[in-house]
Amino acid sequence: MLALIPLLPLAGFVVNAAIGRRLSKTVSGSLATGVMALSFVISVMQVLALTGMPAESRQIVQTLYTWIASGDFTLDLTLRLDALSGVMILVVTGIGSLIHLYSTAYMHEETDPDYARYFSYLNLFCFFMLVLVLGSNFLVMFVGWEGVGLCSYLLIGFYYEKQSASDAAKKAFIVNRIGDFAFILGVLLLIVTFNSIDFTTIALAVKQMPVEATFGTLSLATLLLFIGATGKSAQLPLYTWLPDAMEGPTPVSALIHAATMVTAGVYMIGRNALLFEHAPITMGVVATVGVVTALFAGTIGLVQNDIKRVLAYSTVSQLGYMFLAMGAGAFGAGIFHLYTHAFFKACLFLGSGAVIHALHGEQDIRHMGGLKKHLPITYWTFLIASLAISGVPFLAGFFSKDEILFETFLHGYQVLWVIGAITSLLTATYMFRLVHLTFHGDERWHGVASHEAPHLHDAPWPMAAALVVLAFGSVVAGYVNIPHAWGGHTALNQWLEPAFQATNCGQPVTTGELAGMAIENCEPGEAAEAGAHTGLELGLMAVSTLIAFGGIGLATFLWLKNRHIPDRIATQYPGVYRTLLNKYYVDEMYDAAVVQPIKVVSTEGLWRGFDVKVVDGAVIGAGYLVSGVSIVLRLLQNGSVKTYAVSTFAGVVAILAYYLWR
Amino acid sequence: MPLGHYLILSGLLFAIGTAGVFLRRNLITLLLSVEIMLNAVNLAFVAFGRQQGNVDGQIITFFVMTVAAAEAAVGLALVIGLFRHRESLNPEAFTSLKW
Numbered sequence: 001m002l003a004l005i006p007l008l009p010l011a012g013f014v015v016n017a018a019i020g021r022r023l024s025k026t027v028s029g030s031l032a033t034g035v036m037a038l039s040f041v042i043s044v045m046q047v048l049a050l051t052g053m054p055a056e057s058r059q060i061v062q063t064l065y066t067w068i069a070s071g072d073f074t075l076d077l078t079l080r081l082d083a084l085s086g087v088m089i090l091v092v093t094g095i096g097s098l099i100h101l102y103s104t105a106y107m108h109e110e111t112d113p114d115y116a117r118y119f120s121y122l123n124l125f126c127f128f129m130l131v132l133v134l135g136s137n138f139l140v141m142f143v144g145w146e147g148v149g150l151c152s153y154l155l156i157g158f159y160y161e162k163q164s165a166s167d168a169a170k171k172a173f174i175v176n177r178i179g180d181f182a183f184i185l186g187v188l189l190l191i192v193t194f195n196s197i198d199f200t201t202i203a204l205a206v207k208q209m210p211v212e213a214t215f216g217t218l219s220l221a222t223l224l225l226f227i228g229a230t231g232k233s234a235q236l237p238l239y240t241w242l243p244d245a246m247e248g249p250t251p252v253s254a255l256i257h258a259a260t261m262v263t264a265g266v267y268m269i270g271r272n273a274l275l276f277e278h279a280p281i282t283m284g285v286v287a288t289v290g291v292v293t294a295l296f297a298g299t300i301g302l303v304q305n306d307i308k309r310v311l312a313y314s315t316v317s318q319l320g321y322m323f324l325a326m327g328a329g330a331f332g333a334g335i336f337h338l339y340t341h342a343f344f345k346a347c348l349f350l351g352s353g354a355v356i357h358a359l360h361g362e363q364d365i366r367h368m369g370g371l372k373k374h375l376p377i378t379y380w381t382f383l384i385a386s387l388a389i390s391g392v393p394f395l396a397g398f399f400s401k402d403e404i405l406f407e408t409f410l411h412g413y414q415v416l417w418v419i420g421a422i423t424s425l426l427t428a429t430y431m432f433r434l435v436h437l438t439f440h441g442d443e444r445w446h447g448v449a450s451h452e453a454p455h456l457h458d459a460p461w462p463m464a465a466a467l468v469v470l471a472f473g474s475v476v477a478g479y480v481n482i483p484h485a486w487g488g489h490t491a492l493n494q495w496l497e498p499a500f501q502a503t504n505c506g507q508p509v510t511t512g513e514l515a516g517m518a519i520e521n522c523e524p525g526e527a528a529e530a531g532a533h534t535g536l537e538l539g540l541m542a543v544s545t546l547i548a549f550g551g552i553g554l555a556t557f558l559w560l561k562n563r564h565i566p567d568r569i570a571t572q573y574p575g576v577y578r579t580l581l582n583k584y585y586v587d588e589m590y591d592a593a594v595v596q597p598i599k600v601v602s603t604e605g606l607w608r609g610f611d612v613k614v615v616d617g618a619v620i621g622a623g624y625l626v627s628g629v630s631i632v633l634r635l636l637q638n639g640s641v642k643t644y645a646v647s648t649f650a651g652v653v654a655i656l657a658y659y660l661w662r
Numbered sequence: 663m664p665l666g667h668y669l670i671l672s673g674l675l676f677a678i679g680t681a682g683v684f685l686r687r688n689l690i691t692l693l694l695s696v697e698i699m700l701n702a703v704n705l706a707f708v709a710f711g712r713q714q715g716n717v718d719g720q721i722i723t724f725f726v727m728t729v730a731a732a733e734a735a736v737g738l739a740l741v742i743g744l745f746r747h748r749e750s751l752n753p754e755a756f757t758s759l760k761w
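Protein chains in written order, with my numbering: chain S, 1 to 662; chain Z, 663 to 761.
Hints are all accurate, no fakes.
Taking CB as the label site, the calculated pair distances span:
(1) I620/S with N752/Z: 42 to 48 Å
(2) M727/Z with L636/S: 30 to 36 Å
(3) W661/S with F745/Z: 40 to 46 Å
In case anyone wonders, no lab produced these hints; they're calculated from the structure. Model, not experiment: these values are computed from the prediction. Glycine residues also receive a C-beta, built at the ideal position from the N, C-alpha and C atoms.
Please work from the sequences and hints to get the whole structure.
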């Protein structure tokens, strides 16, 4: 049953890849969407089955076969569903189904073969992501890990005739590869250390070990794993592929950014929470990288003009938050933010897709504006999602972001909390800059050549349905984890706790619906501690609420009421503005530091130097040697029979002499 | 007569033949010199055969004579052909078969 969850999308991929070009769009689209929906239904059933189990043994394991058996090292192809992967499969299949549904309308202008190709990739993507989250050891996870990398390459390069799209695809693949290399090294180090790469085995072994005060094996292994996560989850310094990934069709961006792929790194750290907890140095690195990435990407997002790029940088920034939570040891908060973020980010991307769709491919927000009355459904859903991501109270983003900031503060990272709060302000500002420039103000899309006389139409029903469901999710998703300060039980945290600790507190559970997931306080100490900080938590909440409204107000003031002010600021500080617009010149730095040296070494050193001079030189030199010697030797063949006779005679005499006198 | 005398004679004949091949400038003389060398070898074979007390040496000699006859026939035919071609019997005139 569990295996069906990933296998259904795989079946969809196989059918669409094999005979998709002969199927009509309706058939291939509904097939792909259908298998995802079915997979979602099964996931829900499995997770419900999970809630019915006692907390200490809350997992479903299915071993498909023994993959590797070498000496005393065995490795099974095993799928394991526990609290953590349960949340993940619901996100992947749930959001994934909606994105499939949306795509059936969004991609409708493609030809039949392209349409089928698109859906086959989409299904394959979900398959690999499900393998990633369901795998019970590092190798199965790695299959999914690499698979989503491959699929992101295929989907980003979907319009492969476009040079920029195929470049972006290659960039995504290569940058991911760098991270994956470190990830492999980390896994190998774990094999050497623990002689196993099963998550549970490692967690139980780690539990017996002391926390590493200095930099040791665990720190190294987790650091390598984290480098892998920075590649997959687009953190500094390997985030550069994600903004370029906007070259793919918009629903793909939604899929990559919300439900799959970029969450893999966060999930991986959550999966190995105990391992990371035993390496405090790595945890510090994770938190710092996360918060710096969040701030860094937030500032870039403030000045970008491409609607999808703003959202891309916002994703990088929000992922930074998740890593901040992971690094601060608040694993539950990180996964919580991952889950709420999936709703509003998918909604934002799909909304931007609807805008681009209506404007026939226009992506520059300077050529938008005033779309509110033309695209009402898109506008309202986009607005809700923007409010959610900005952290406005009672919406999903508020709960998760607050949880992260609160936990960060509580774990003693006050400096990181300040940076996180600043980023929160930036988030609200750039999101509402986007909303104002796109939907409010003047209609600046008249007279732009690409859509001279646009007959604007709001999203067709599959797109609208996906948007509405996601907007609804952006509102309510946060209520699974009501904080203590509000009299809640942080139910999601409680639910996830056993998965992070590889232990269970043995309390009997009475569960059913999501709201009923609350287990009796697993670790009373921590609960009491959290309760003791009610005042602090409420205070921090007030601060971040102020920040959110401040950011929205700032954006409204600058980009709706007084549009000349940002322009004047930009002209007054051209250096700062250009730096931000050009994304801190990071791509240029990579180009200068990595790409160009490799090009020069390859061209001048390996090609013109080694290949031409050494390899070709040896081959051609051998030819010249033979012909040079031959010039001398051919003089022996002078055509004179007598000379030959003398030579033969001399030779015979020499041979005889040798045998006679030797 | 001891074997040595035969061999000395044989060696002398062989040397004369070799010298003829190397030094003379007439293709027919060359062929004759080759015949002398072959017969020097024949003499050596027969002498060894007699000393060993068997007939092997004589049998080989017959073979050599047969081959020599065939060689003379082919060789003279070639000489006639070459002469018709170049109006010369000097082997130095036929050096165009080279690189």
